[in-house]
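Top to bottom, those sequences are chains A and B. All residue numbers for the first sequence refer to the working numbering, where the first residue is 1245 and numbers rise by one. All residue numbers for the second sequence refer to the working numbering, where the first residue is 6 and numbers rise by one.
One should not assume that every hint holds.
[As the list claims (entries may be wrong)] Have a look at the derived ranges for each label pair, beta carbon to beta carbon: (1) Glu119/B - Lys1304/A: 42 to 52 Å; (2) Asp1339/A - Gln116/B: 26 to 36 Å; (3) Gly1370/A - Lys94/B: 44 to 54 Å; (4) Asp1316/A - Thr113/B: 37 to 47 Å; (5) Ala1342/A - Lys123/B: 24 to 34 Å; (6) Gly124/B - Gln1318/A: 31 to 41 Å; (7) Lys1363/A - Gln45/B: 39 to 49 Å; (8) Ile15/B - Val1258/A: 42 to 52 Å; (9) Lys1304/A - Thr113/B: 41 to 51 Å.
Calculated directly from the structure, the hints in this document are not laboratory data. Backbone N, C-alpha and C fix where the C-beta goes; we use that ideal spot for every residue, glycine too.
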Amino acid sequence: MNKQDYIGACCELVELQKIRNFIEDKALEFGLSKEAAGQIALAVDEACTNLIEHAYQFDKNKEICVSAEKNDNQMIVSIIDDSSPFDPLLVNRPDMEAYFKQFKRGGLGIQLMRSVLDKIEYYPAGSNSVNNILKLIKNIH
Amino acid sequence: MNNTNKFAIIQKADSKVVKLELSGYLDAHTAPQLENSISQLINDKNYSILVNFKNLDYISSAGLGVFMAFVEELRDNNGDIKLCEMTHKVYQVFDLLGFPVLFDILDTEEQALEKFRKGDLKKNE
């Protein structure tokens, strides 16, 4: 049986630790290793940071909803927002060699998310939901 | 993770090298603190910075971005930023993005200080 829990957070960077703690606790409860739990918490942090900084532009009146569920052998985290749709899957993978030569910063969060997750799905508002839904999926081994 | 261990920086000087000891978590919320500390060091013309990660529990890309922001300026001034004593969890984040190519990441402070003494600089060529 699927069990889904969620946490609501204000659109402030100080909330990131609360979100990470929630995800890490759920991941351990779902049977992920400590290392894998840390990785999915990192991915969720990166996604929420992008939302707070770019989509909501630090608007404290906004809220982010993060839910966690276990489905067969997967942990699925859904991050729900009502900002303008932004599909992180459309962001090109950076050429890291060129990136380092330019000493750039930022823009690495999505690359990290891709590195630690097994699957990322994005459903912009209007398809099946009034909100955008980003699903971050990690297999439970 | 717990809520009491937020983020802290302790600064110490060892000859020409300034050491920063990080603790807690380094994310988008706390990264500006580190950014301000390094900015201040550069303003004071300290260009050799050793960062000890022994007590840092967590880092996200916002934390990594701070090191990216300053490394070029430090090297342009014949200095460097060297990193040491990372936990496996923190090192893994650096490694996933290929940062060990750009930064010296050492097991111990002594190894990092020795690299500073020798003037070793990680080149990105």
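Results for each hint:
The hinted window of 42 to 52 Å between Glu119/B and Lys1304/A holds, with their beta carbons roughly 48 Å apart. For Asp1339/A and Gln116/B, the hinted distance range of 26 to 36 Å is satisfied, since their beta carbons lie about 31 Å from each other. For Gly1370/A and Lys94/B, the Cβ-Cβ distance of about 39 Å falls outside the hinted range of 44 to 54 Å, so the restraint is violated. One distance hint, 37 to 47 Å for the beta-carbon pair Asp1316/A and Thr113/B, holds here, with the actual separation near 44 Å.
For the pair Ala1342/A and Lys123/B, the beta carbons lie near 29 Å from each other, so the given range of 24 to 34 Å is met. Restraint check, Gly124/B to Gln1318/A: a C-beta distance of roughly 50 Å breaks the suggested window 31 to 41 Å. A C-beta distance of roughly 43 Å is found between Lys1363/A and Gln45/B, which places it inside the suggested range of 39 to 49 Å. The given range of 42 to 52 Å is broken by Ile15/B and Val1258/A, whose C-beta atoms sit roughly 22 Å from each other.
The beta-carbon spacing between Lys1304/A and Thr113/B, approximately 43 Å, falls within the hinted interval of 41 to 51 Å.
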